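A.B. asks: Here's the letter readout for the chains.
Protein chains: 4
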Amino acid sequence: MSALLRTSVRLRPLTPSIFGAAFRPAALTMSNKYSSLSTPPSCYADFCLIPVGTGSTSVAKEVAEVQRLLENSGLKYTMHSAGTTVEGSWDEVFKVIGQAHALVHQTGAPRVQTSMRVGTRTDKKQTAEDKIKRVKDLLAGDK
Amino acid sequence: MSALLRTSVRLRPLTPSIFGAAFRPAALTMSNKYSSLSTPPSCYADFCLIPVGTGSTSVAKEVAEVQRLLENSGLKYTMHSAGTTVEGSWDEVFKVIGQAHALVHQTGAPRVQTSMRVGTRTDKKQTAEDKIKRVKDLLAGDK
Amino acid sequence: MSALLRTSVRLRPLTPSIFGAAFRPAALTMSNKYSSLSTPPSCYADFCLIPVGTGSTSVAKEVAEVQRLLENSGLKYTMHSAGTTVEGSWDEVFKVIGQAHALVHQTGAPRVQTSMRVGTRTDKKQTAEDKIKRVKDLLAGDK
Amino acid sequence: MSALLRTSVRLRPLTPSIFGAAFRPAALTMSNKYSSLSTPPSCYADFCLIPVGTGSTSVAKEVAEVQRLLENSGLKYTMHSAGTTVEGSWDEVFKVIGQAHALVHQTGAPRVQTSMRVGTRTDKKQTAEDKIKRVKDLLAGDK
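So the protein sequences, as listed, match chains D, E, C and L. So for the first sequence, our numbering puts the first residue at 1; every next one is plus one. So for the second sequence, our numbering puts the first residue at 144; every next one is plus one. So for the third sequence, our numbering puts the first residue at 287; every next one is plus one. So for the fourth sequence, our numbering puts the first residue at 430; every next one is plus one.
Just so you know, the hints here were simulated from the structure itself, not pulled from any lab data. For clarity, every value in this text was computed on a predicted model and none was experimentally measured. Check before you lean on any hint, since a few could be wrong.
As the list claims (entries may be wrong) - Straight-line alpha carbon distances no greater than 30 Å define the calculated DSBU-like cross-link-like pairs of lysine-lysine that follow: (1) C:K381 to L:K554; (2) C:K411 to C:K422; (3) E:K279 to E:K267; (4) L:K554 to L:K524; (5) D:K76 to E:K204; (6) D:K76 to D:K61; (7) E:K219 to D:K143; (8) L:K524 to C:K362; (9) C:K422 to L:K562; (10) D:K95 to D:K125; (11) D:K61 to C:K362.
Extracted from the complex, chain D is given alone in its bound form:
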C-alpha cells in the first residue's frame, strides 16, 4: 500500500500511460488516478428541498428550519423564492445540505427530494453577489 501511494504522488494525474504496461495494469493505474482526486476547494450550490409524504402542501416550516441550520453553519447563503444558494468548499456545502435532509426527516418527512444546481470554476473566484452585479451592470447600460 505504501509503495502504491508513493508511486501515485509521482504521477501527473492525466498521463499514467507514460508507465510501462508490464508494471501498471490498467485497473491499478486508474484506481490511483481517480482516488487521488480532491473535491473542489470552492463551489456554490443552489438547492430546493421538498419534504414528501407529509400530507401538507406548505413547506415553509421546513425551509425555515433549514435556514437556521445554514445560519449555524457559518457558510454564506441567500434564500430566494425558489431555493437557497450556499457558498463554501465542496465538502462543507454538501455536508450542510446532507444535514438539511436529516433535519427535515427529523421533523417528520419520510422522504426528502432536492433539486440542485452546482457550479465550480478554476478561472477565477466569483461570489453570488458578483454574478448578480455583472448582469445588473450590463442592464444599467441600456438606459
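Fit chains E, C and L to the known structure of chain D by using the hints.
C.D. replies: This is chains E, C and L only, laid out in the frame that chain D set:
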C-alpha cells in the same frame, strides 16, 4: 373523426367509465381523457440557462439578454445569483423560456442547456414574494 | 397594429438598429425583436415530477399515469429511475409536461413540483439514443 | 469546550428544550442541535454535468471520463441519456460527484455546472431498479 370529437366534448375528463365498454375501447377512452387536459393556469418556473460551446466562461451577457426578453414579456420575474424565477400561466412561462433558448442560440451558442424547477398548486395562489415572506415571518419569531 | 406587424415581418430579428431612431424608439424595437422569436423546433426535456401534500411517500401511481399520458402523446420518451426524458418540438414537449401537472393534480395532489433539464442545439440533431451510444463507444475503446 | 462537548453527547438531538433556559441560551442550544446532525446513510443522486467554456458542443468525452471514475468508486450507478444516477451513502455519493467536477476541470474545462436531483427516505430502502420495476408493474396491468 367528427363523431369522436363530438363525443369528447360531452365527456367530463376523468369519468370516461360512465360509458359502456362496448362503445369505448380502452385506447380510445384514454386518448380522449389525455387530449382534453389543459396546461395549468398558473405556475412558477425557476430556470438557469447555460450556453454551451461558446468558448467563454462568462454567461453574463446572455443572462442580461434573457432579462430584457423577460422584461418585454410582461410576466413577473426575479433574478437571483443562480437563476431567474418567472410567474404566469404555464403556456406563457414556457413560451418565454423557449424564446430565451432561441435568443441565446442567436447570440452564437450552438447548444443551450437549462435546469428548471417548476411548481403548480391548486389549493391556493401564492406568489414568489408570498413564499419568501412566510419563511421570513417564521424566522422573525426566533428573535 | 397592422402597420407594426407588417414592419416586423421585414425585420431581420437581430438587426433592428439599421432603422433610424426617430422612427423606432428603443422600447418598440425591442418589442418587435423579442416578440418575433420562435420557440426551438426540437428539444429534449428530462423531468422528475413530485406530487406534494398527498400524505404518501410513493409516487409510482402518479408516474405510471404520466407514462400513459406520454404514450398517448406520440412523442418519444424514455423512463429511468430518476425521471423521464421526452423529445420533440419545444411546444409539444412543454404542452405534455404541463398536461402531466394537470393530470397529477386530478389524481389528488394539491401541489406538484418538477425538476427539469432541457437541452436545445442548432449544430446538429442528436437523439437521446445517439448521446448514450457516443459515450458507450468511447468506453468500449477502454477494453 | 470540553464541557460543551460532554453536554452535547447527552442531548437527544431534538429535545434541547428539556434543559433550563438559564443554563442553555438559545444560540448554544441550536449550535449543538445542528452540529450533531449526520448526513443520510443512503441516498441517490441523479446528476448531469456540463463543462462550460470549452468551445466544444460535445460533452461525450467528459461524460465517459466520469463513468470511469464512477466505475472505480465501487458505487452503483446507471447512465441514461440525460444524466447518471449514483447510489450510496450521502458522503460517498457527493465525494465522487465532487471528484467528477475536479476531473472535468483537469480535462480543460474552466467552469463546470451540474444539475442534480437527490433523494433520501427513512421509510424503506428502495434502489433505482426497484423504482422502475414498481412503475413497470403498474403499467403491465393496463394490458
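A.B. asks: Could you run down the list of hints and mark each one as holding or not?
C.D. replies: Now for the hints, and whether the structure bears them out:
1. C:K381 to L:K554: Cα-Cα ~34 Å, so violated.
2. C:K411 to C:K422: holds (19 Å)
3. E:K279 to E:K267: Measuring from Cα to Cα gives roughly 20 Å; hence the hint holds.
4. L:K554 to L:K524: holds (21 Å)
5. D:K76 to E:K204: holds (26 Å)
6. D:K76 to D:K61: Given pair K76 (chain D), K61 (chain D) holds - Cα atoms ~21 Å apart, limit 30 Å.
7. E:K219 to D:K143: holds (20 Å)
8. L:K524 to C:K362: With a Cα-Cα distance of about 34 Å, the restraint between K524 (chain L) and K362 (chain C) is violated, given a limit of 30 Å.
9. C:K422 to L:K562: Status holds; Cα separation ~24 Å.
10. D:K95 to D:K125: Holds, because 21 Å separates the two Cα atoms, which is no more than 30 Å.
11. D:K61 to C:K362: This hinted pair is violated, its Cα atoms lying about 40 Å apart.
When each numbered hint is compared with the structure, violations occur for hints 1, 8, 11.
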